[in-house]
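Student: Make a model of the complete structure from these sequences and hints.
Its first residue numbered 1, the sequence shown is counted upward by one per residue in our numbering.
Because the hints were derived from the structure by calculation, they are not lab data.
The beta-carbon is built from N, C-alpha and C at its ideal position, and this holds for glycine as well.
Be a bit skeptical, because a hint or two may be false.
To be verified - Taking CB as the label site, the calculated pair distances span:
{"hint": "1", "residue 1": "Ile7", "residue 2": "Met44", "range": "16 to 22 Å"}
{"hint": "2", "residue 1": "Thr69", "residue 2": "Val30", "range": "23 to 29 Å"}
{"hint": "3", "residue 1": "Met54", "residue 2": "Ile88", "range": "53 to 59 Å"}
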Amino acid sequence: MGLTLAICFVLGAVSALRMPILVFTLVVMVVMAAYAIFSVVAGMSSIMAFGWSMALASMLEAGYIFTHTVLYLVYVRRADETRAPRKIQSKYTAD
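Tutor: Structure, rendered in structure tokens:
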């Protein structure tokens with residue numbers, strides 16, 4: 001199951017690059033429901049199936065948040081490096 005959680009994290013991270021948050025949330029809901037239904041049909045208890053579906057959804061969201069955090073830090077640092085302090089030049093004389 002650890003490999004499945006890692007795959008969910010990577011899929012969430014990749015999805016963050018091109019998928020809007022609303023569409024991603026709908027995808028996560030479908031993944032949760034599908035996993036829960038298939039697990040219950042396969043004989044897993046409903047509480048355990050719900051717990052694992054929550055874990056999968058959490059890893060998908062964690063990957064999504066991780067990618068957005070990395071992109072935010074990259075763009076903020078790039079903006080800080082390119083922004084040089086400018087000296088304000090007024091056309092009026094100082095009193």
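Student: Against each hint, give a clear statement of whether it holds in the structure.
Tutor: Evaluated hints:
1. For the hinted restraint 16 to 22 Å between Ile7 and Met44, the CB-CB distance of approximately 19 Å keeps it satisfied.
2. A hinted range of 23 to 29 Å holds for the C-beta pair Thr69 and Val30, which are about 25 Å apart.
3. Range check, Met54 to Ile88: Cβ separation about 54 Å, and the 53 to 59 Å hint holds.
Comparing the model with each numbered hint stated earlier shows that all of them hold.
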